[in-house]
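Protein chains in written order, with this note's numbering: chain A, 1 to 323; chain B, 324 to 656; chain C, 657 to 978; chain D, 979 to 1486.
Among the clues, some could well be false.
Said to hold, decoys possible - Footprint (simulated), chain D over chain A, 3 or more residues, beta carbon under 8 Å:
id: 1; stretch: 182-194
id: 2; stretch: 201-214
Stated by the list, open to error - Label pairs and their calculated CB-CB ranges:
id: 3; chain 1: C; residue 1: 780; chain 2: B; residue 2: 581; range: 55 to 63 Å
id: 4; chain 1: B; residue 1: 580; chain 2: A; residue 2: 167; range: 56 to 64 Å
id: 5; chain 1: B; residue 1: 464; chain 2: D; residue 2: 1086; range: 52 to 60 Å
id: 6; chain 1: C; residue 1: 697; chain 2: A; residue 2: 118; range: 28 to 36 Å
id: 7; chain 1: C; residue 1: 838; chain 2: A; residue 2: 35; range: 51 to 59 Å
id: 8; chain 1: B; residue 1: 581; chain 2: C; residue 2: 907; range: 31 to 39 Å
id: 9; chain 1: C; residue 1: 838; chain 2: D; residue 2: 1040; range: 55 to 63 Å
id: 10; chain 1: D; residue 1: 1293; chain 2: C; residue 2: 707; range: 51 to 59 Å
id: 11; chain 1: D; residue 1: 1102; chain 2: C; residue 2: 780; range: 40 to 48 Å
Simulated from the structure, these hints should not be mistaken for laboratory data.
Here a beta-carbon is modelled for each residue, glycine too, at the ideal position from N, C-alpha and C.
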Amino acid sequence: MTSIASSRREQVSRVLQQHGALMVLAMLVIVGSLTFDSFATAGNAASVVVSSSFLAVIAIGMTFVIISGGIDLSVGSLFVLGGVLAAYGSQYGLLMALALPLGACGVVGLLQGLVIARTGMAPFIVTLAGLLGVRGLMLAISDEGATTYLVKNPAFASLGQGELLGLTYPVYITAALALVAMVLLQRTGFGQNVYAIGGNEQAAALMGVPVARTKVAVYVMSALLAGLAGALNAARLSSGVTILGIGLELDAIAAVVIGGTLLTGGAGGITGTVAGVLLLGVIQSLINQVGNLTSAFQQVVSGAFLALVVVAQRLLSKAQRLS
Amino acid sequence: KSEEPQSAPAATSTAGQQVVQSPSGSAGPTCTLDQFGGKKFDLKTATVGFSQSEKEANPFRIAETKSIKDEAAKLGIANLKVTNAQSQFSKQITDVQQLIAQGVQLLVIAPLNSDGWEPVLQQAAAKKVPIITVDRKINAKACSDYLTFIGSDFHEQGKRAADRMIDALAGKGKVAILLGAPGNNVTTERTDGFKERIAEKAPGIQISFEQTGEFAREKGQQVTEQLIQSNPDINGIYAENDEMALGAVTALKGAGKEAGTIKIVSVDGTRSAVQGIADGWLHAVIESNPRFGPLAFETAQKFLDGQAIPDKVVISDRDYDTSNAKDSLGEAY
Amino acid sequence: MTELTSKPAPRTDLKPRIFAWVQDYGVYAAVLALLLFNVLFTPHFLDVSNFRTQFVQVTPIVIVSLGMALVIGTQGIDLSVGSVMALAAALVALYLGYGALPALIVAVIGGAVVGAAGGALVAYVGVQPIVATLALLVGIRGIANVLVPQLVEFRNPDLIALGSSSVAGIPIIVLIAAALTLIMLFVVRRTTFGRQVVAIGGNRSASELSGLPVKRVLLIVYVISGLLAALAGVLATARLQASDPTSLGLFIELSAITAVVVGGTPLTGGRIRVLSTVMGALLMQLLAATLIKHNLPQSWTQMVQAVIILAAVYATRERANR
Amino acid sequence: MAAVLEAKGISKRFPGVLALDSVHLALLPGEVHALVGENGAGKSTLIKVFTGVYHPDGGELRHLGAPAAFGTPLDAQRAGISTIYQEVNLVPMMSVARNLLLGREPRGRFGVIDATRMYAEADRILSGYGVDTDVRRPLRTLGIGAQQMVALARAVAVDARVVIMDEPTSSLEPREVETLFGVIRRLRDEGIAVMYVSHRLDELYQVCDRVTVLRDGRVAHTGPLAGLDRLKLISLMLGRDLNEVKADGLTRFSRDRHGAANGQEPPAVEARGLTRRHVLDGIDVSVRPGEVVGLGGLLGAGRTETAKAIVGAMPLDGGQVLVAGLPLRGGSTAAAIRAGISLLPEDRKAEGIVPTLSVRENIALAALPALARAGVVSDAKIDRMVEIFMRRLRIKAASPNQLVSELSGGNQQKVLLARWLAVRPKVLLLDEPTRGIDVGAKAEVQALIDELAEEGLGVLLISSDLEELVEGADRILVLREGAVVGELTGDQVTEERIMATIAEQSDD
Ligand SMILES: Nc1ncnc2c1ncn2[C@@H]1O[C@H](COP(=O)(O)OP(=O)(O)OP(=O)(O)O)[C@@H](O)[C@H]1O
Ligand SMILES: Nc1ncnc2c1ncn2[C@@H]1O[C@H](COP(=O)(O)OP(=O)(O)OP(=O)(O)O)[C@@H](O)[C@H]1O
Ligand SMILES: [Mg+2]
Ligand SMILES: [Mg+2]
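Take these sequences, add in the hints, and give me the full structure.
Structure (structure tokens):
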């Protein structure tokens, strides 16, 4: 009887832990709508959702990486590289516009994954090298960033700009990816392996989990998603902008962690990540609503918000019994 | 308590005002309210959005934002919404989209990048919100995608800097370039203009070193320290903004160089740089005037009044050198 | 001389010995190799003034890395160091009117306060270090920019002297960095605190059960990191002869982390290598200098850096247990 | 009969030690093969060679008569070799069911995992092992014994030809041990080869057919177990003369403590009404100087929690701990240690060793304040102390500077014991102190407990080994569902009475 009662309590706190970000998000939205007239408008909501969708795609990949106990700092650079390559490739048609960035980013992810899995080097440092190297590569193919390739292919452009019910296609693509990722994580052997190696890599290996293969897969996935986000963004902007993506990896990590995924690996989920991404978007939108903050104050406010959110999220989940 | 302020008192509001290069619309096509297809509204009661690209943390951005805000206040525009993209391009796109969602009727944008404005332009076009871009261009069609551009010609700035360098070195010598942030239009155009003019007018000048100083003073100092160490025979330094030039000055001082032995030419026209000319450390500075407020709102008002406005308003920047530095100190920003 | 790692057991066979040597001293070897390259291929490399430049430029990173190594030893990470440097620059500018020393003290206290805030979030609230310090990274630079919205030049002779004068031919700031390195070496190797830091990084719950003041130690570690970052900020400001909260210390957290990791301190905590961290910072500095001196474009610079980081860390990585 | 799995002259070297020295061992189908030896003899290493975790430096591994080389544990598993490792090797944050079925979850449509069926199946499998818990809970919320049962169930559930168990019973209750033996016998009857490692000799005699003794990485003996005298087995393990072993006897606790009535002294530590929701329900315990108090009870009865609560390592909803009559500040292990109470935790991997530090640093960890002046540690003092303890506890390490994570399980335990003795506590709480310790060392540890008690140390002894409890304790408190349900003193202290007390209470 005690065990049933305690397990119910644990279930409740587990739900809190997983959905803490969602609750903070709901609170912010309510406060925001009550404070600003122009906050809860369809247009504003759409702009938050649309602009969040690219970060969301990256954060989904990051969620897999972090649950597996790793981290991927290269996503910001892959995002730009993906965009530049997509814009370049779009001269040769829709297929190239997608194949080129995905191929290149996939290769980078594969290399990073192989190095991490085979040599046991820290993911942080391997992907930090990735961050530098990929940005260097991007600069190299864009004449030190001076050349911006434009998207002339209407089919590809509409992938980023086309609208359905007031939301652009990337939003739907993101939603679909999130669903697939959820199933992948919760309902497939691959997902279980990701949790297992993040929770206890040694044990996972002894339990017969293909550790190296899973790790490689996770980094490939993250890189592919970052490249895809970059390509979609290039389609949206109709050009391969070269100055994007600096610090994007930190946003993605923040979103994932705010979403309740443990940075030490082994626990977390996609719903939390999506909530985390939206949370960051809403914070930004609220700051914009205020309208006249100087740039420095904006930073103070978003730093304070971030601290507040993680503390709130942490306190909500503190009910969780510590082992 | 900070140190006593050392620079001259702030310039009066009219000092250093922007001057339009070619009297309005003499060249190029023009644009009217009818052509653009918008509706007339009263600027005073309208909601106006200003999207700044970088933090208000260097003299240029500070002066730019201040000029817009001051002018709006002067004209009695009560509803001015200002956003700042903190140098993140994606954020700037979102910022502007949210401004449009908040119902602004006129947008003034200082773009971080010239390309990639598709989503914003579409949304603005759907709502017929006129966009005036200041200091950097947007690569799109004036008078339909956006209204007009007001700003300097960066390419031209590079060329003028080259002219000054050629003067200073009498047409021959070795020059180093402190590049701006990579991938930035300003960097690209100021570099191209400079190199073009050097190649064309002074083949005796060799550009033997170019490294990014990322528009920051510390980076400029560090790169220059490395530079003068490994290339002691350098004669001139072209810095693509004043901050890097001032960093280079600190480096030269630290290495025990005398003022003026290495000729430094830079772009922007901040007060410290003009002071640097007066002190003999800088050779010349090409101005890039950030005070867009008056011109922007004047142009908007003209447009709303139904007058034809030019599709680009290029302002005439001046140069500072030893001949005018001391006197112009009050006008520099 | 190993640093607070267990001395490997006496070994008889050669191969593991070489392996272990590379693991422990790989970063020294890499620095040597780079020096050799430069001596051969870089003009004017052997000038005294060149070494001065390199040492002076690396000082802020070294000082920040020392604190970072401590934080990483506890299995944490401190992303806020760059912003703390900016805050220190701002505080110096604001208080310079009272003289250089008071301004320095205020700046360092400011750094300690930020460190304490991060430490409290990590130790007492239980926020993960990377997010706690990420919030500070954003917010503290904002505060620095609110305090001093743009670069401010100063003429205070004491502060300028701190940044540019030398004792016995060695720049003061280099001497300060060297002294701090020695102090940190002592703290890590010889003090109870140092042992507690690595123990907490190695196994936190075991440390708690062993009665170590885990939370307090964590708090102090972040305070030290903040202190050192602030000091680095003051020194960098003194050298620049201007306070620049806008861009001072941008991305230095990545350089510092790289220095620590290239030096062979694992990000998983439980071990700290002080001298190797300094070497790691020197390696990255020399590398950057080499690339600049050879006038490589940015794209090349970044790709070469990536490769060198990978190679250095590969050499010093932990052995797999097979 | 042909061997399923065979080691032919296998050698494995670690820096500083030759852990295996041309070991020959053949595992036959349908036999239960005991593998014994002192701590650090190389048992776990041999097992890890069999399962592809380590790769041998010399010799040959044969599987079903053919040479085999398992690159990874996965290869070994595919070849039908399934293993329960000494340290519980599961994923603590995943649910019980997912741990149990990882890699062979029931699939529904589209090859997607069918969660409902997975939970049902996990429930079914586990109840077969007497584990009755919500299979959706994270594994870490289970006691270590229950975790071990999950590992066992997992290992046996696959189609295995060989099942290897490295000290499976060290954290199991007698009742669970019976369940396990049932499983082992069933496996044997099905023709599966079982390799069984344990330091509990009576267990070996209950289930094993043959035995191989390892000593310092070499095979000291191999042959049928029946007919091998127990003392002879011990002398083989220890490498000492049979007569010598006989003379020393196997007395664990030297003194007959049950008569010792040291009743009137005030308790060294007294816990009153320790309460924590769902875990502890008003527990009163007191330990007098020189007294050994045993805590008995089934898995999950709350013994570990009681001990943790006393040292302040677990937040309480109510109750207090008094030391020498004064209340102890709650929630602070440091305060408890300063007041002279220390706890040897039960989970040595998660809560005991600091794997990145050396043996020396691990021993000195808790005593650091005493070994330092003004915050600067004295290496000389540490060296002296470490020396003493390594000798006294016979810790087998290449040097004090060897990483503690490289020691064998038993030696790690000794290092932890040394850590706690080094702080010179007044009361020592020992949670499963002899788990995983070999016969020789176990006797030493038990003798040590006696000795310490004699010197006036109060001891709270938690052990699932009833024999140890009965022989070691002056007084036993029996716990059930977080409450004290009985106290046995004097002549009442017998294994039967403990079992009876637990059983009586379970009936209602
Ligand atoms: N990864 C390792 N690195 C270095 N030495 C090791 C390692 N693993 C084991 N050893 C050493 O090999 C020897 C055999 O250890 P092993 O774990 O096989 O002993 P064991 O017989 O299982 O002991 P126990 O009964 O204590 O579990 C020990 O001396 C141990 O210190
Ligand atoms: N089989 C189980 N089913 C449910 N909960 C369990 C089980 N085993 C342990 N627990 C949890 O552990 C708590 C008490 O475990 P604790 O470790 O204190 O017991 P113990 O008496 O020390 O047992 P042991 O040390 O033998 O595992 C229980 O309140 C319960 O939450
Ligand atoms: Mg073992
Ligand atoms: Mg227990």
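Status of each hint after checking the structure:
{"no.": "1", "hint": "182-194", "result": "holds (count 7)"}
{"no.": "2", "hint": "201-214", "result": "holds (count 9)"}
{"no.": "3", "hint": "780/C <-> 581/B: 55 to 63 Å", "result": "holds, 57 Å"}
{"no.": "4", "hint": "580/B <-> 167/A: 56 to 64 Å", "result": "holds, 60 Å"}
{"no.": "5", "hint": "464/B <-> 1086/D: 52 to 60 Å", "result": "holds, 56 Å"}
{"no.": "6", "hint": "697/C <-> 118/A: 28 to 36 Å", "result": "holds, 33 Å"}
{"no.": "7", "hint": "838/C <-> 35/A: 51 to 59 Å", "result": "holds, 54 Å"}
{"no.": "8", "hint": "581/B <-> 907/C: 31 to 39 Å", "result": "holds, 34 Å"}
{"no.": "9", "hint": "838/C <-> 1040/D: 55 to 63 Å", "result": "holds, 58 Å"}
{"no.": "10", "hint": "1293/D <-> 707/C: 51 to 59 Å", "result": "holds, 56 Å"}
{"no.": "11", "hint": "1102/D <-> 780/C: 40 to 48 Å", "result": "holds, 44 Å"}
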